[in-house]
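Visitor: Sequences are here, hints too, so could you generate the full structure?
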Amino acid sequence: MRYILLVNLFSIETLNVLRDVSYVFIFCPFLIGAVRWKSLSKLQRYILFVVLTSLVNESITRYLLFKYFDSLWVYHIYVPVLFFFMIQTYRNTFIFKKSDKGLVFLIVGFTAFSIINTVFIESVGKINSNTISVASFVYVLLSIWSFYYLIRESEHGAGAFRPAFWFSIGNLLYYSGIFVLFIFVQRMIETDMEAITAAYVLNALFYIVLNLSYSLSLWVKPQA
Amino acid sequence: MGETAGITNTEFLLAGMAGMFLLALGLILFFLAYQKRILKQQKEHQAKEAEYQQQLLRANLLSQEKERNRIGKDLHDGVGAMLSTSKLYFRHLSQEEDPEKFTELKQKAMGLLDETMTSVRRVSHDLKPVVLERLGLVEAIANMSDQLSESGVIKVCFRSGWEGQMDKEFELNWFRIIQELLNNTIKHSGASEIHMDLSGDEGQVQFNYHDNGVGIQNESTAKAGLGMQNIASRLSLMKGELQYGDSATTGYALEMYSATKLKAGTV
Numbered sequence: 005m006r007y008i009l010l011v012n013l014f015s016i017e018t019l020n021v022l023r024d025v026s027y028v029f030i031f032c033p034f035l036i037g038a039v040r041w042k043s044l045s046k047l048q049r050y051i052l053f054v055v056l057t058s059l060v061n062e063s064i065t066r067y068l069l070f071k072y073f074d075s076l077w078v079y080h081i082y083v084p085v086l087f088f089f090m091i092q093t094y095r096n097t098f099i100f101k102k103s104d105k106g107l108v109f110l111i112v113g114f115t116a117f118s119i120i121n122t123v124f125i126e127s128v129g130k131i132n133s134n135t136i137s138v139a140s141f142v143y144v145l146l147s148i149w150s151f152y153y154l155i156r157e158s159e160h161g162a163g164a165f166r167p168a169f170w171f172s173i174g175n176l177l178y179y180s181g182i183f184v185l186f187i188f189v190q191r192m193i194e195t196d197m198e199a200i201t202a203a204y205v206l207n208a209l210f211y212i213v214l215n216l217s218y219s220l221s222l223w224v225k226p227q228a
Numbered sequence: 005m006g007e008t009a010g011i012t013n014t015e016f017l018l019a020g021m022a023g024m025f026l027l028a029l030g031l032i033l034f035f036l037a038y039q040k041r042i043l044k045q046q047k048e049h050q051a052k053e054a055e056y057q058q059q060l061l062r063a064n065l066l067s068q069e070k071e072r073n074r075i076g077k078d079l080h081d082g083v084g085a086m087l088s089t090s091k092l093y094f095r096h097l098s099q100e101e102d103p104e105k106f107t108e109l110k111q112k113a114m115g116l117l118d119e120t121m122t123s124v125r126r127v128s129h130d131l132k133p134v135v136l137e138r139l140g141l142v143e144a145i146a147n148m149s150d151q152l153s154e155s156g157v158i159k160v161c162f163r164s165g166w167e168g169q170m171d172k173e174f175e176l177n178w179f180r181i182i183q184e185l186l187n188n189t190i191k192h193s194g195a196s197e198i199h200m201d202l203s204g205d206e207g208q209v210q211f212n213y214h215d216n217g218v219g220i221q222n223e224s225t226a227k228a229g230l231g232m233q234n235i236a237s238r239l240s241l242m243k244g245e246l247q248y249g250d251s252a253t254t255g256y257a258l259e260m261y262s263a264t265k266l267k268a269g270t271v
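Protein chains in written order, with the working numbering: chain A, 5 to 228; chain B, 5 to 271.
In case anyone wonders, no lab produced these hints; they're calculated from the structure. Worth double-checking, as some hints may not be accurate.
No more than 20 Å apart at the CA atoms, straight line, and that leaves these computed lysine to any residue pairs for SDA-like [stated by the list, open to error]:
id: 1; chain 1: B; residue 1: Lys40; chain 2: A; residue 2: Val21
id: 2; chain 1: B; residue 1: Lys77; chain 2: B; residue 2: Leu87
id: 3; chain 1: B; residue 1: Lys44; chain 2: A; residue 2: Ile155
id: 4; chain 1: B; residue 1: Lys40; chain 2: A; residue 2: Ser63
id: 5; chain 1: B; residue 1: Lys40; chain 2: A; residue 2: Ile148
id: 6; chain 1: B; residue 1: Lys40; chain 2: A; residue 2: Tyr152
Derived CB-CB ranges, DEER-like [what the hints assert, rightly or not]:
id: 7; chain 1: A; residue 1: Gln190; chain 2: B; residue 2: Gln45; range: 47 to 55 Å
id: 8; chain 1: B; residue 1: Ile42; chain 2: A; residue 2: Leu216; range: 25 to 33 Å
id: 9; chain 1: A; residue 1: Val39; chain 2: B; residue 2: Glu53; range: 24 to 32 Å
id: 10; chain 1: A; residue 1: Lys105; chain 2: B; residue 2: Gly140; range: 49 to 57 Å
id: 11; chain 1: A; residue 1: Lys46; chain 2: B; residue 2: Glu53; range: 32 to 40 Å
id: 12; chain 1: A; residue 1: Leu69; chain 2: B; residue 2: Gln46; range: 39 to 47 Å
Don't be surprised by glycine CBs; every beta carbon is placed ideally from N, CA and C.
Guide: The structure is reproduced here in structure tokens:
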């Protein structure tokens, strides 16, 4: 009974609706960023690049799906590109001030891992769950680290006025949530599509939360 | 991977994802609560610091008023009274025809004028110690120590191993601090000996003060006194610190540190 309820609630129909809704929600931060471009800080502009990367990815995959083409290969390019912009964004907060070498190592290392994964482990016809899981883990760590710095450096409790605050909240919530999905997706995708579908429904909901958070990060005006 | 112990894959995945999401949410809420607590503590600390600075300022102002009142009283009761009496003598001098009485009156009037000059010099010295200005802090302290020892009131031993240079403002502050300490000892402690030691280097000076009097029973009561607040205020201007020694059995002991120049590093 419980299982049937879950399957009905987290069905393919629900997923299709939420996918469309979450696609619309990507435009929120994009439009806010585009309209306020001139008054955005350097950090906010990098956040906008992250949003733009996601928007381009979603648009391309939706178009390919619409034309009944395979779209999984797009993620093999999207994930490393997104990783680059995410690291650049965190670099413009306060974490990497002293260790740019670590940053270069991280980007180069992850890109090499993505290429190796695509060539040898998960081909372009499969979802690159390994790279997504690793990237998610890195984003979660960076978000936790950035909260630690926010607490240390915030003199007047002004976290809510910092773009990094909302950016990190969104990343921490979303990438923590989807981490479990992409650990198990390859194992279940052949055997239990219902489970994967239900998981992607949650993924779509979390994605809405992520984009709302990005919207706030682009909306706030950092205090001097 | 199939069902595990009655839980379907769907339930497992959903529970896992929701659980991680809620864990992340819990972490965020924890961080926010922790930050709020830190900010509250910081504000309390700032409020206490501001209150303390106000207290020091108040003590400073009260001390200034007290000093002004004392000087005013000295001038009025001492110098003023002596000058009035001298005027009376000079009035009589002009009327006196007997040469012996004339000489006696003249000597008395001159004696009063001498006393008046001494009083004025003393008041002036209190306002601006000449020895300090001309010979520096070490000589000024040595001079104070010698004067007290010679007066027989109390024996003062002063040692100095410091040969640096100090801003004039800092020298005056230290002079006033030591004056205050000596006054406190003489008035309240019943001590027979005072030991003072000045040491340090170009950037920092340390002063140890110790008397063999009754000591202080309660450190917090001692800190609240006007004199001690004044000392604390002067030390804080010089980026200095004050520490109480073990006074319960060995009298009154203080260790004080400060920078020697305004732009020197903190202690």
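Visitor: Give me the numbers of the hints this structure contradicts, sorted from smallest to largest.
Guide: Violated hints (numbers, rising): 1, 4, 9, 12; every other hint is consistent with the structure.
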